[in-house]
Amino acid sequence: MPWHLSAVGAPATWETTTGEGVTVAVIDSGVDADHPDLAGAVLPGRSYVDRDPGAEPRLLAIGSDPGPVYERAFGQADPVGHGTAVAGLIAASADSRHPGVAPGASILPIRVLDDENRYHDSAMVGAAVEWAVDNGADVVNLSLGGHYDSAPFAEALAYAERHDVLIVACTGNQHRDGDGAGEAHEDVWFPARVPEVLAVTGTDQRGERWPTAVTGEETDVAAPGANLTAPKAGGGHKTVTGTSFASAVVSGAAALVRSAHPDWSAGQVRRALIATAAADGPGLGSGVVDAAAAVAADVDSIPPAESAPSISPGWSAAATAAGGGLIGVSALLLRGSRAAGQRGRTAGHPRTMAG
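Residue numbers (the numbering used here): 169 to 523.
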């Protein structure tokens, strides 16, 4: 049994639920629907990435002809491998040597990351969140993020909250600029730092936060995120490390809870996961998630969280520009009198800061 499954109490829930009836949207680099570990688990999804060689990613209009490339329409291919690993950690088959946390859950794949594992427009990711909500997602996994807030993206998160969909996101990975000589300090990424989002940092096999996992006061919980075995796009398996993968583990735990308690709201699922987490060390929020304890929780006895600022921002979009840089370009936003540039990335690849 993979160590991370025992660490979060997943096997102890499987006589009660394996996540059946729950759909987890994986907004990422696509998912290899043909991987044996994911056979039958990957629903037709969507891609927002134009696959024409050399083209910038662009938003494909709903109802438009996606063209001849299969994955552009359905998100069921993964040229990068990040999304396949994330999906496998959530819902790989119970028959696999490396089952997912919720092997009975379904995966809704939505591609927003290009072939370099980057996104160039936060509004596009927001559109993907809304599409996931409108197409049956119960949980949305966001193993991506950036430094700056995005109004269109935040509005999509508010849309998910209003429609009772739980958002799980990684806190991010520390990185060093340039030649790697500088200090590596980072704040919790957006969207994980939004109060209603379940923000996840990563631990190692000792249950300690692994050194480059970002944490902060916005961190809600932790989960294994170092040296995990996950499906590899095209077949086989690989070892992955990053808060991206810790987020996937928690999305699987959320699927177990939602399946066991279909009458619970997304907010109640979030409260149960936070309240039952095992506080084992600093920087882990409420602690490492315990899926079995969350499934068994009496949610009515858990006091509601203190009221948080509204998820809906008061910012307005100033411009969207294209440009260079490590991550690529994204929306410029006006926050009061300060302009902020949203640089998008995933949490777990050292060069693109993917996860």
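Be careful, since some hints might not be right.
As the list claims (entries may be wrong) - If you anchor each label on the Cβ, the simulated ranges turn out as follows:
id: 1; residue 1: Pro-450; residue 2: Ala-180; range: 25 to 33 Å
id: 2; residue 1: Asp-202; residue 2: Asp-431; range: 33 to 41 Å
id: 3; residue 1: Pro-179; residue 2: Gly-449; range: 21 to 29 Å
id: 4; residue 1: Asp-202; residue 2: Gly-304; range: 33 to 41 Å
id: 5; residue 1: Asn-303; residue 2: Arg-374; range: 38 to 46 Å
As the list claims (entries may be wrong) - Restricting the straight-line Cα-Cα distance to at most 20 Å, the calculated cross-link-like pairs of lysine to any residue (SDA-like) are:
id: 6; residue 1: Lys-400; residue 2: Gly-189
id: 7; residue 1: Lys-400; residue 2: Glu-183
id: 8; residue 1: Lys-406; residue 2: Phe-242
id: 9; residue 1: Lys-400; residue 2: Asp-263
id: 10; residue 1: Lys-406; residue 2: Glu-284
id: 11; residue 1: Lys-400; residue 2: His-266
id: 12; residue 1: Lys-406; residue 2: Leu-211
id: 13; residue 1: Lys-400; residue 2: Asp-317
id: 14; residue 1: Lys-400; residue 2: Trp-182
id: 15; residue 1: Lys-406; residue 2: Asp-372
id: 16; residue 1: Lys-406; residue 2: Met-169
id: 17; residue 1: Lys-400; residue 2: Leu-211
id: 18; residue 1: Lys-406; residue 2: Pro-170
id: 19; residue 1: Lys-406; residue 2: Gln-373
id: 20; residue 1: Lys-406; residue 2: Pro-204
id: 21; residue 1: Lys-400; residue 2: Glu-385
id: 22; residue 1: Lys-400; residue 2: Ser-261
id: 23; residue 1: Lys-400; residue 2: Pro-472
id: 24; residue 1: Lys-400; residue 2: Asp-283
id: 25; residue 1: Lys-400; residue 2: Trp-171
id: 26; residue 1: Lys-400; residue 2: Ala-180
id: 27; residue 1: Lys-406; residue 2: Asp-263
id: 28; residue 1: Lys-400; residue 2: Arg-265
id: 29; residue 1: Lys-400; residue 2: Phe-242
id: 30; residue 1: Lys-400; residue 2: Glu-188
id: 31; residue 1: Lys-406; residue 2: Ser-264
id: 32; residue 1: Lys-400; residue 2: Pro-170
id: 33; residue 1: Lys-406; residue 2: Arg-265
id: 34; residue 1: Lys-400; residue 2: Ser-264
Just so you know, the hints here were simulated from the structure itself, not pulled from any lab data.
Ideal Cβ placement from N, Cα and C applies to all residues, glycine included.
Tested hints:
1. Pro-450 with Ala-180: 25 to 33 Å: Distance hint for Pro-450, Ala-180 holds at roughly 27 Å.
2. Asp-202 with Asp-431: 33 to 41 Å: Holds, since Asp-202 and Asp-431 (Cβ atoms, about 35 Å apart) stay within the stated range.
3. Pro-179 with Gly-449: 21 to 29 Å: holds, 23 Å
4. Asp-202 with Gly-304: 33 to 41 Å: violated, 22 Å
5. Asn-303 with Arg-374: 38 to 46 Å: Distance hint for Asn-303, Arg-374 holds at roughly 39 Å.
6. Lys-400 with Gly-189: violated, 25 Å
7. Lys-400 with Glu-183: violated, 28 Å
8. Lys-406 with Phe-242: The given pair, whose Cα atoms are some 24 Å apart, is violated under the 20 Å limit.
9. Lys-400 with Asp-263: The hint holds at about 17 Å.
10. Lys-406 with Glu-284: Judged against 20 Å, a Cα distance of about 18 Å means the pair holds.
11. Lys-400 with His-266: With Cα atoms ~12 Å apart, Lys-400 and His-266 stay inside 20 Å; holds.
12. Lys-406 with Leu-211: violated, 23 Å
13. Lys-400 with Asp-317: violated, 32 Å
14. Lys-400 with Trp-182: The given pair, whose Cα atoms are some 24 Å apart, is violated under the 20 Å limit.
15. Lys-406 with Asp-372: holds, 17 Å
16. Lys-406 with Met-169: OK: Lys-406 and Met-169 at ~16 Å, within 20 Å.
17. Lys-400 with Leu-211: holds, 18 Å
18. Lys-406 with Pro-170: Judged against 20 Å, a Cα distance of about 13 Å means the pair holds.
19. Lys-406 with Gln-373: holds, 17 Å
20. Lys-406 with Pro-204: holds, 14 Å
21. Lys-400 with Glu-385: violated, 33 Å
22. Lys-400 with Ser-261: holds, 14 Å
23. Lys-400 with Pro-472: The hint is violated at about 40 Å.
24. Lys-400 with Asp-283: Measuring from Cα to Cα gives roughly 15 Å; hence the hint holds.
25. Lys-400 with Trp-171: holds, 19 Å
26. Lys-400 with Ala-180: violated, 26 Å
27. Lys-406 with Asp-263: Satisfied, since the Cα-Cα distance of roughly 18 Å is no more than 20 Å.
28. Lys-400 with Arg-265: holds, 13 Å
29. Lys-400 with Phe-242: holds, 19 Å
30. Lys-400 with Glu-188: violated, 24 Å
31. Lys-406 with Ser-264: holds, 14 Å
32. Lys-400 with Pro-170: Satisfied, since the Cα-Cα distance of roughly 16 Å is no more than 20 Å.
33. Lys-406 with Arg-265: holds, 13 Å
34. Lys-400 with Ser-264: Cα-Cα ~13 Å, so holds.
Hint violations for this structure: numbers 4, 6, 7, 8, 12, 13, 14, 21, 23, 26 and 30, all remaining hints satisfied.
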